[in-house]
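Chains as they are written, first to last, in this note's numbering: chain A, 186 to 524; chain B, 186 to 524; chain C, 186 to 524; chain D, 186 to 524.
Incorrect hints may appear among the rest.
Since the list gives no way to pick out one identical chain from another, each pair is judged satisfied if it fits inside one copy or across any two copies.
What the hints assert, rightly or not - List time: in silico EDC-like cross-link candidates among lysine to aspartate or glutamate, alpha-carbon distance up to 16 angstroms: (1) 334 - 198; (2) 491 - 294; (3) 446 - 264; (4) 255 - 402; (5) 446 - 246; (6) 305 - 503; (7) 334 - 294; (8) 255 - 220; (9) 305 - 506.
To be clear, the hints were calculated from the coordinates, so they are not data collected in a lab.
Protein chains: 4
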Amino acid sequence: MIVVMQGSSAVEEVQLVIERMVELGFNVHRTTGVDQVILAGVGSPSHFDVAEFSVLPGVQEAYRISSPYKLAGRSFRPEGTRITFPNGVVVGGEQVTMMAGPCSVESREQILMSAKLAAKAGCQFLRGGAFKPRSSPYSFQGMGLEGLKLLREVTDETGLLVITEVMEISQIELMLPYIDCFQVGARNMQNFNLLRELGHVRKPVLMKRGIAATIEEVLLSAEYILSGGNYDLMLCERGIRTFETYTRNTYDVSAIPVLKKLTHLPVFGDPSHGVGKREFVPPLALASVAAGADGLLLEMHPNPEKAMSDGAQSLYPEQLETLVAQLRLLAPVVGRTVA
Amino acid sequence: MIVVMQGSSAVEEVQLVIERMVELGFNVHRTTGVDQVILAGVGSPSHFDVAEFSVLPGVQEAYRISSPYKLAGRSFRPEGTRITFPNGVVVGGEQVTMMAGPCSVESREQILMSAKLAAKAGCQFLRGGAFKPRSSPYSFQGMGLEGLKLLREVTDETGLLVITEVMEISQIELMLPYIDCFQVGARNMQNFNLLRELGHVRKPVLMKRGIAATIEEVLLSAEYILSGGNYDLMLCERGIRTFETYTRNTYDVSAIPVLKKLTHLPVFGDPSHGVGKREFVPPLALASVAAGADGLLLEMHPNPEKAMSDGAQSLYPEQLETLVAQLRLLAPVVGRTVA
Amino acid sequence: MIVVMQGSSAVEEVQLVIERMVELGFNVHRTTGVDQVILAGVGSPSHFDVAEFSVLPGVQEAYRISSPYKLAGRSFRPEGTRITFPNGVVVGGEQVTMMAGPCSVESREQILMSAKLAAKAGCQFLRGGAFKPRSSPYSFQGMGLEGLKLLREVTDETGLLVITEVMEISQIELMLPYIDCFQVGARNMQNFNLLRELGHVRKPVLMKRGIAATIEEVLLSAEYILSGGNYDLMLCERGIRTFETYTRNTYDVSAIPVLKKLTHLPVFGDPSHGVGKREFVPPLALASVAAGADGLLLEMHPNPEKAMSDGAQSLYPEQLETLVAQLRLLAPVVGRTVA
Amino acid sequence: MIVVMQGSSAVEEVQLVIERMVELGFNVHRTTGVDQVILAGVGSPSHFDVAEFSVLPGVQEAYRISSPYKLAGRSFRPEGTRITFPNGVVVGGEQVTMMAGPCSVESREQILMSAKLAAKAGCQFLRGGAFKPRSSPYSFQGMGLEGLKLLREVTDETGLLVITEVMEISQIELMLPYIDCFQVGARNMQNFNLLRELGHVRKPVLMKRGIAATIEEVLLSAEYILSGGNYDLMLCERGIRTFETYTRNTYDVSAIPVLKKLTHLPVFGDPSHGVGKREFVPPLALASVAAGADGLLLEMHPNPEKAMSDGAQSLYPEQLETLVAQLRLLAPVVGRTVA
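Could you put the whole structure together from the sequences, leaning on the hints where they help?
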């Protein structure tokens, strides 16, 4: 920690800050400039709140310098994390991972058709929600357990892996037999109890960035899962909330290379939620891979106009096929491949 | 719903939109202008997604006109909601409700002192967290059940009511015997499963606005609780995330009169989290009541420098006393009182 | 400046950073911790860009510690700035300054009536635009010089002072004979050429915060005017742009006490632009004074429904009168008065 | 315009709204539903403010349906705008236009070297500021006229075109003899007087999106230039301000395809300002072209560590070369070429 004292700070104020730092376990190095005193605290006390120093009398600014996440940091595993799934699919390697499917599981027919279309287009994962977080209590809330069973059934048939959203601790046990990967939605990125439980599970997790989460908060939430012992974690940019309302969110493509630098975890992009209108999904999907994404999470529906949720941002099956074809050409430009 | 067609839309495109609207159960009224066709859908189909219309061919814009919340709307209870607590305290009446206390329960001594100080300053509620949502898994996570027991004990002793945060469905049962009011934190405002459960409880709830939640989303989340049958709900502004970083959040004082207009539910302000630095809490607390708040939620600690969390934004006990004295003078200007 | 090196930084990387700092004129103090090297640069080189250090190899983070504004800082004039106008009105003293009037000067009749109503309600200034910045080139752009003459005429008649917006360097000369105070609008807060010219004028200026300006940027823009020698400067919060769209902007009441702490300049609030709907202006005006504002800038129109711009946020004359009456009661609570 | 009345609105309130609409020149079509009255105003009155309707008694919501810009809209020129420069370079065609150079002109040697490097890497334009908008009055403010002359000199020598920023009306005349394209910076996107003057010039303009400008505001500002008769206009995304501070701004890649849909004007990307750190510029440059950009504006400096401004985000010459090489491979995937 570094504490910069005000130019006008009194000797006693400096003294008080030093005492507090020492109390916490810091070794304090003092630099006395012409204008200001600077105190550098060396050491890593397990518990301190930099904000508390910033309001002490005579303090101008206090900075935390040690990064508050350890396991999520790139230096923990400089070579990058690779996750190998039961069927041999590897996430985080040279190949860009493609996940596609409808927002919600709606019926056996719909989800089977979705799986076939996703497989045909070259995807490795089928996405589809069985439990749905909806802003309104009057909206469709998902098929629940029945939906999970259908997901397993149709992916077994098509050779895909299943990723689906978990909203609640009590759903974890229920889901385990049916799925290959848990998805934590943006609204639950700071549901710390849920994250902690997922840290104890032995099944990969893809965690989406919260709608107002900073990069640092994404990594701190990742830390909750990693510190429980589950290292098979993927992160996913899906758009942040800004003043711009033409798109559903502002899809922060720059978060992809930034996260790739800061963490060893694979980084996905979800342009469907990022922009919210299907016509803009393909250009942003291309942009994501151009910017270094390890994978894409895309909404696709056999019949988007009839979708029970998020139809407006779901690709038509042909759009997905065309997009994957473009990605196959684009990926090699940035040293990647697409199946 | 209203659908505005593009100037250049084809007859078949208009026809398709009309068919979709009819399918959903709308009566469609068509206005043909010189430039554009406008379709007004009359009726209230239980399920439709306005975004799906906005991406249909030939559509310029689609607007939902019926408000998506019903029970939370002001017209549901124009006179406003009043909540009466066991000891006779009424929230939502003429008197502004004061809730104060530390971020976390840390020890018997600390919480007892907090309760005494809050009572002495004229507060009706003691706040204090037993379960803490912390961005980092390495921060203090609260005393749990032990904390709940202490809260009950010291408020019984001082005649205060207890409000404390619930983070997880499994904590609800645990908390019921010890508390007077559940607090839903900003990070859980869209934890819909938790909200739904709180709708089935017969104990008041204070729900904070999410850090990136629009006013409409606040009311939709309220709808989850109300639609379960729990009408004893209070809302609380606590700052939103913006580009400004000097304050911890941007405390949106305007949300207070806006919510008072849109809903019958009592509206609180939490300037402690709103600004994050104790010196700015009193001016913003005064501003909140001047703007029409029904109550305040304030962090106060007997010894803020030693607080285990949020010390920087916790008032000194004397600051709280001075503030309440000022509020007693200010409240009558806007037709309210402070005890 | 403080430069925190990465844990893994090489000796040569540290050396390079030190050389750069020395080149710029810093005295460098080095703290070598267990994990990291910290370099504190003491001294105030006239030109350096902290961002350039943050991208040097081996650097984790670089912080500027000296505040980049000098004349605007509170310490430059701890007692606070008071501005005395020709008719004896003092801004920045105990009395809260009231400025009111229509968005635009529309006609002699309209502006005369506005002046009479503002004077009757107890205001010291008449506001009204002669040159209007409008988002659309097809909107009403103001009466120009004719409007300036009318402003002078009706204020001479009513004993008020005139404040009006300047958009362009060439308008400064034109305005000087007619006005008492220049207003710099939010869109021009970073029109540095305009600010520099206003620094050379001997007439007070009220500068509004830009819609996306941080507190620090407000103070840097103030510095442009102050460094030209014009110390008669007032700042004005008027709402920032956030994700919330129910209000026109998010009126950042907390900026008022924050600015009061950081600078000696008087701080105003403009809740009319802050919220954009007249019914919310009075509660936010009260909140602004409760939070410490030195004055208010309010839109009021004799007939808001007929206003040529901003009618929706203009107060009815009676609303202004009621508001001032409430402010007279509220101001003493925070040690102020209202005329 | 569409006005949706509240369910509880009185007959007189509906009547009043209708009268106002008729007064403005609208033909009013009324739809009476079970719950609500909807009023559709057909026609295009030259002046009206939708916000004024939204605050009339009994009104729930009012929507403007005609787009407020005409000349900037895609339908004005569906085939897209192409701008041909004196040396034959075409912007808005199949070839992606590359503009690169330092933030500021600093010396003859520096700008000549920059021009040679930009030309060698395959760029068509040299960028470089002679007049600099700087947040602090104490920062380097540019070389002025001398800088303009140097720009012309070195581009004549290297066969490049010159683009440079104009900050002030009085600079327009001064610049005309030396430059090929005016650049309007983000801070001046709503300097309407400047835009209006640029509408009267016969020289192309590239206008950057303001840091807090919505897509609609970008197009309204474009309208100022177009309505003056200057159709040679390019738009440029350069990052918006959000809560995320790791990057200098949040570079909104999605604005590129959105603008391409809404307007016929060529759309550029400026990832240098978008992200602010050079290592993230190449991935975002690739993303921009993948998303459909017509051109890129990049900061490159022969010696970024010695740059007098924006060094941290300036590419090394070799980085620019490598990037252009990658773009040559990527562009064909989206039907474009790079020289």
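We went through each hint and held it up to the structure:
1. With identical chains, the CA atoms of residue 334 and residue 198 are never at most 16 angstroms apart, being 64 angstroms at best within one copy and 39 angstroms at best between copies.
2. With identical chains, the CA atoms of residue 491 and residue 294 are at most 16 angstroms apart within one copy only, with a shortest distance of 13 angstroms there and 59 angstroms across copies.
3. Taking the shortest alpha-carbon separations for residue 446 and residue 264, only the intra-copy value of 11 angstroms comes in at or below 16 angstroms, while the best inter-copy value is 41 angstroms.
4. When the C-alpha separation of residue 255 and residue 402 is checked against a cutoff of 16 angstroms, the pair qualifies only within one copy, where the shortest distance is 13 angstroms, while the shortest distance between copies is 34 angstroms.
5. In the homo-oligomer, the alpha carbons of residue 446 and residue 246 lie at most 16 angstroms apart only across protomers (14 angstroms), although the nearest pairing inside one protomer, at 27 angstroms, exceeds that limit.
6. Taking the closest pair of Cα atoms, residue 305 and residue 503 come within 16 angstroms of each other only inside a single copy of the chain (11 angstroms); across copies the shortest separation is 41 angstroms, beyond that limit.
7. In this assembly of identical chains, residue 334 and residue 294 lie within 16 angstroms of each other by CA distance solely inside one copy; the values are 13 angstroms within and 53 angstroms between copies.
8. Taking the shortest alpha-carbon separations for residue 255 and residue 220, only the inter-copy value of 13 angstroms comes in at or below 16 angstroms, while the best intra-copy value is 35 angstroms.
9. In the homo-oligomer, the alpha carbons of residue 305 and residue 506 lie at most 16 angstroms apart inside one protomer (8 angstroms), although the nearest pairing across protomers, at 38 angstroms, exceeds that limit.
Violation of the numbered hints given earlier is confined to hint 1; every other hint is satisfied by the structure.
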